[in-house]
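J.: Sequence:
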Amino acid sequence: MVQDINKMLTPRFELSQTDSLLTVIIYAPYTNIAETEVFVEENQFIFYSSPYYLRLHLPGLVEESRDSHGSYSADEGKFVINVSKVTPGQNFPDLDLLTSLLSPPGKKVDISPGIQYESSELLDLPSPDTTPASYRSSLRIQREQEDFNEDHYLADLMDNPDIPALLAYKTPWNGQKVDEINFTVAEQDTMKELPNREFLLDKEVNKMIYLGVVDLLAGYCYNHRSTLGENTSESAWTINKLSATLCWLECFSNLRVVVLAAIRRSLCYPLHRHWDLSVKVLEDVVQVLRLGKKQVLKCLLEVHSLFNSSEPRYLLNQLYIRDYCVWIQQASNYKLASIADALSKTTVDKDDVGLELLELEHAAQLVLGEETSKHSVAELSNTLTGLCLSNNLADSSSSVSHNQISALCQENDSSSSSDSDSDSTSDSSDSSSLDSDDFSFDEIVAS
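First residue of the sequence shown? That's 1 in full-length UniProt numbering, and the numbers climb one at a time after it.
Note that these hints are calculated values from the structure, not bench results.
Just so you know, not all the hints are guaranteed correct.
To be verified - Below are the PhoX-like pairs computed for lysine-lysine, each with C-alpha atoms no more than 25 angstroms apart in a straight line: (1) Lys203 <-> Lys335; (2) Lys335 <-> Lys207; (3) Lys192 <-> Lys345; (4) Lys294 <-> Lys350; (5) Lys345 <-> Lys280; (6) Lys335 <-> Lys294; (7) Lys170 <-> Lys192; (8) Lys345 <-> Lys207; (9) Lys350 <-> Lys203; (10) Lys280 <-> Lys203; (11) Lys177 <-> Lys78.
As the list claims (entries may be wrong) - Derived DEER-like restraints, expressed as beta-carbon distance ranges: (12) Asp129 <-> Asp67: 56 to 64 angstroms; (13) Ser127 <-> Asp75: 29 to 37 angstroms; (14) Glu76 <-> Ser127: 17 to 25 angstroms; (15) Gln318 <-> Glu42: 51 to 59 angstroms; (16) Glu180 <-> Glu146: 26 to 34 angstroms; (17) Ser127 <-> Tyr72: 52 to 60 angstroms; (18) Gln17 <-> Glu361: 31 to 39 angstroms; (19) Tyr135 <-> Asp162: 31 to 39 angstroms; (20) Glu283 <-> Tyr135: 57 to 65 angstroms; (21) Glu76 <-> Gln17: 17 to 25 angstroms; (22) Ser127 <-> Asp276: 33 to 41 angstroms; (23) Gly89 <-> Asn160: 30 to 38 angstroms.
What you are looking at is a predicted structure, and each value in this text was computed from that prediction instead of being measured.
Ideal placement from N, C-alpha and C gives every residue a C-beta, glycine not left out.
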């Protein structure tokens, strides 16, 4: 191997297994077959074929044997290499978590890289370099209080035709089983580019990171549901804005605080601000967590892709998302499930979020009730006025008929003239009586 391996290409690859064999599929379309080499020893698998180099650190022991074999498809540019397991029947876990296979563990890393960024584009935290972590939560809550828009909230509560469809939307992971989770080619390519790192974390920091996952997923799930699964040009902004971890560099130590922050921010900033939608999003987060680290990783990889296409949010990938994508592959499915259970049991009322939602809704209902009452009275007034006008027209028509009859009678019998005059006088008196009733009704309505 005369070439510098640091300058060589890492091919796309995938792994599968049977009870006795491990299969490594390598896509190397520009390979030189004459220079292809494969090395297998214990948990090491090395593939070399200029300009490609792949070194895997497997979760179990393998060896070359009479059952080991390989093939190459020129049409697909694909190698299929089968090697034997040292212990037949042993299951190699997490073979689809490709990043963890690429490099050996044991390296300490700095998880706080010094990156210069335009904080105003990414953060609500005004002075990230000088603001202590202990102050960030109170500053965030104060800012949310200032940014909460009562009119927007009430408009979405009372009259937003989009909300029913958003609440009824069924996410792809709803009802999905763990063994049905697969990574796309694009996701595999992203994982291949991630560095493999081992994070040496104490108990408190580890807890903080798990809670950070919940916060990130809340932003992700809100975007997914509010767009019905079709990302928009605002998706990266939405996830960034709704996550207190990303927007305020907040470090959570309590699940309830995470929930309150997620709900408050979903009622302050995005397009759709509706309580039921915020609660539904948290149910989505529970479902994702219960599916384990593979589903969480898929969500984080989608966030990574969105941020890469959103200037300058690609910096958030370097600050947070890349490390989260690496860390989650080493996370505990048991702990994720435990957090999901705790989240599903966490109850939050409108009084708890501190935005005076109940008082606001009560005031809006009173105003709406007054408007409805006025509208009902106006409709009743118009209806009764119409009835009165109809009666007047009927009486007027009746009077004309009597006059015509009187004229005919006068031609035949002059004695009928006095009777006709009497009838006409009576009709006029009736009409005057109706006019008096109309006036009295208008006075009652006005009062």
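J.: Determine for every hint whether it applies to the structure shown.
T.: Outcome of the hint check:
1. Lys203 <-> Lys335: Distance ~13 angstroms between Lys203 and Lys335 Cα, so the pair holds.
2. Lys335 <-> Lys207: holds (10 angstroms)
3. Lys192 <-> Lys345: violated (37 angstroms)
4. Lys294 <-> Lys350: Distance of about 33 angstroms is beyond 25 angstroms: violated.
5. Lys345 <-> Lys280: holds (14 angstroms)
6. Lys335 <-> Lys294: Judged against 25 angstroms, a Cα distance of about 14 angstroms means the pair holds.
7. Lys170 <-> Lys192: This hinted pair is violated, its Cα atoms lying about 31 angstroms apart.
8. Lys345 <-> Lys207: holds (18 angstroms)
9. Lys350 <-> Lys203: violated (32 angstroms)
10. Lys280 <-> Lys203: violated (31 angstroms)
11. Lys177 <-> Lys78: violated (30 angstroms)
12. Asp129 <-> Asp67: 56 to 64 angstroms: 59 angstroms Cβ-Cβ, so the 56 to 64 angstroms window holds.
13. Ser127 <-> Asp75: 29 to 37 angstroms: Given about 58 angstroms between the Cβ atoms, the range is violated.
14. Glu76 <-> Ser127: 17 to 25 angstroms: Given about 54 angstroms between the Cβ atoms, the range is violated.
15. Gln318 <-> Glu42: 51 to 59 angstroms: For Gln318 and Glu42 the Cβ distance comes to about 34 angstroms; the hint is violated.
16. Glu180 <-> Glu146: 26 to 34 angstroms: Cβ of Glu180 to Cβ of Glu146: about 45 angstroms, so the range 26 to 34 angstroms is violated.
17. Ser127 <-> Tyr72: 52 to 60 angstroms: Distance hint for Ser127, Tyr72 holds at roughly 58 angstroms.
18. Gln17 <-> Glu361: 31 to 39 angstroms: Once the Cβ atoms are compared, 56 angstroms apart, the range 31 to 39 angstroms for Glu361 and Gln17 is violated.
19. Tyr135 <-> Asp162: 31 to 39 angstroms: About 37 angstroms separates the Cβ atoms of Tyr135 and Asp162, which means 31 to 39 angstroms holds.
20. Glu283 <-> Tyr135: 57 to 65 angstroms: violated (32 angstroms)
21. Glu76 <-> Gln17: 17 to 25 angstroms: At 21 angstroms between Cβs, range holds.
22. Ser127 <-> Asp276: 33 to 41 angstroms: holds (36 angstroms)
23. Gly89 <-> Asn160: 30 to 38 angstroms: For Gly89 and Asn160 the Cβ distance comes to about 57 angstroms; the hint is violated.
This entry does not satisfy hints 3, 4, 7, 9, 10, 11, 13, 14, 15, 16, 18, 20, 23, going by the numbered hints stated previously.
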